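Q: Model the full assembly from the supplied sequences, consistent with the hints where possible.
Here's the letter readout for the chains.
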Amino acid sequence: MSFISYLVSGLSLGSIYALIALGYTMVYGIAKMLNFAHGDIIMVGGYAAFLAMSASWCPIWLAMIISVTVCTVLGVVIEKVAYRPLRSAPPLAVLITAIGVSYLLQNIALLTQSATPKTFKSIAAGAPPFLLVFEGKAPLFFTKLSDSPYGGESPVLTISMETFLAIVVSLVIMAALTLFINKTKAGKAMLACSEDRGAAQLMGINVNATISMTFAIGSALAAVAAMLMCSAYPLLSPTTGSMPGIKAFVAAVFGGIGSIPGAMIGGVLLGVIEQLSKAYISSQLSDAIVFLVLIVVLIIRPTGIMGKKISEKV
Amino acid sequence: MSENNPALEVRNLSIQFGGLKAVDDLSMTIEKGALYGLIGPNGAGKTTVFNMLTGVYKPTSGSVLLEGENITGRSPTEINKAGIARTFQNIRLFKAMSVLDNVKAGLHNETHYTAIEGALRLPRYFREEKRVTEKAKELLGVFGLEKELDTKAQNLPYGKQRKLEIARALATDPKVLLLDEPAAGMNPNETAELMDTIRFVREKFDVTVLLIEHDMRLVSGICERVTVLNFGQELAQGETSAVLNDPKVITAYLGE
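If you read the protein sequences in the order shown, they are chains W and X.
Sequential numbering of the first sequence, starting at 23, is according to my numbering.
Sequential numbering of the second sequence, starting at 25, is according to my numbering.
Keep in mind that the hints were calculated from the coordinates and are not lab data.
Treat the hints with care, since some could be wrong.
Below, simulated BS3-like cross-link-like pairs (lysine-lysine); rule was C-alpha separation at most 25 Å, straight line [claimed, not checked]:
#1 X/Lys159 to W/Lys205
#2 W/Lys54 to X/Lys159
#3 W/Lys205 to X/Lys272
Have a look at the derived ranges for each label pair, beta carbon to beta carbon [what the hints assert, rightly or not]:
#4 W/Thr138 to X/Thr84: 54 to 60 Å
#5 W/Ala111 to X/Arg151: 51 to 57 Å
#6 X/His238 to W/Ser110: 40 to 46 Å
#7 X/Asp174 to W/Tyr302: 41 to 47 Å
Incomplete in silico selection of chain X near chain W, CB under 10 Å [said to hold, decoys possible]:
#8 Phe41
#9 Gly43
#10 Asn126
As the structure is a prediction and not an experimental result, all values here were calculated from the model.
Where is the CB? At the ideal position from N, CA and C, for every residue including glycine.
A: Listed below in structure tokens is the structure:
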């Protein structure tokens, strides 16, 4: 029973990593850069939702919209101001700029919000947990144990609303994103740009607009991830985004950077590995184990799980 | 834009990379509906000219006029919208995308719905997708690729990849089509077929064609006029048969 419980919390954490990893992988695939400020966009999304919710007039749904809007605008502005002028600069210059932007965001947050962690109010506050009752052939869902025909004697798994939401929301978003990219002209323009930016441009595709849209989508996903994450782990500080940001980057590399299904699989796997090693091996070593797994995967498959196999030309 | 303007006019076009004048003072006038060749030995600057015409390089001086409209210095996207489309010397298809999607990428600016409409799948999304897909299929039919709609571009045989690249360029509805060595790597049969295709495309799509080519049979077979470039400068210009028999041109190709 406890194994399933760890697995579910791993899936939930992993879904959040997957949402963040999508932002990394899309930007890498299309703009060919590593946006190390992506983790800090999560932090900004968290503060935006937190500040909005602290205003008494602001309902939770409005706070969510505000957070997503703030992050989307921020992502597009960062790209325009900091990355676009460096479009033809060497990759190292862009990478350093991204790290600079990351520290800038952290320090602005430190200045305006102070280093004291804030307690984030869950977006699912007050919602009852799900109870999964194992009896007979298939587990059954209930919100109150008294609803169960089996009474209180069967094994029961409690899933908090936050855990449940993280999984469901991420699944819906990933499905929608996959459809958007494969079925709409904007999505195909993104694919075309990621394959050959020059040729895409000569076919009349506006590369700047496409890259802006990529940043907008990635940052909006980061805001959603921020709210799900802060609801499950409610401490919010200016460095909140860095660790999940790094782990999501690992997840993206793990899955094959540039690949969208890869980021999803990588994120979920990483979350599950992290939670299971916390439960069964050592909670202090869990991060070390996560990175160890990354190293092993990269030794066996250097381009990641879903990465393109690159055969070297001689 | 008067009716009498040539399709493409190049005036004193030059570009300098550091100390190297890659193209020096090139002028040419290509009339509407013409099949025009740009030839010359390797390294003469032919592809550089294409890159300037399509906005990939900004010329150091000179101008490019498309049907009388000055398009010098515009971005590749804008120039494509104005009506110049091209193919590449080394094929640059979107390899991992299907044949159909490659052509639909060419129809990008003709697909009229916003990203939001696409994300929410509003009626216009379906209407436009259907229309554009039909159009792409029709275009692929012209090139005999209608049976390979879902094949990944990288899995097509070489000759068909070249055809797909032309189809993708035509999808952007150009006034002028630039073909960079369309016959490169083709055998004589494929080249002969390609010549028919180019002639057919000109009639059917009412475009002006400018092509770079090394295969002299193709050039003498379909080009009405040619310009010969050598070391970035114009060596000769005029009717194909006259130019190809010009001693200067023969020397440039074969040496003294």
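Q: Look at each hint and say if it fits the structure.
A: So, going through the hints one by one against the coordinates:
no. : hint                             : verdict
1   : X/Lys159 to W/Lys205             : holds (16 Å)
2   : W/Lys54 to X/Lys159              : violated (32 Å)
3   : W/Lys205 to X/Lys272             : violated (55 Å)
4   : W/Thr138 to X/Thr84: 54 to 60 Å  : holds (59 Å)
5   : W/Ala111 to X/Arg151: 51 to 57 Å : violated (42 Å)
6   : X/His238 to W/Ser110: 40 to 46 Å : violated (31 Å)
7   : X/Asp174 to W/Tyr302: 41 to 47 Å : holds (45 Å)
8   : Phe41                            : violated (15 Å)
9   : Gly43                            : violated (21 Å)
10  : Asn126                           : holds (8 Å)
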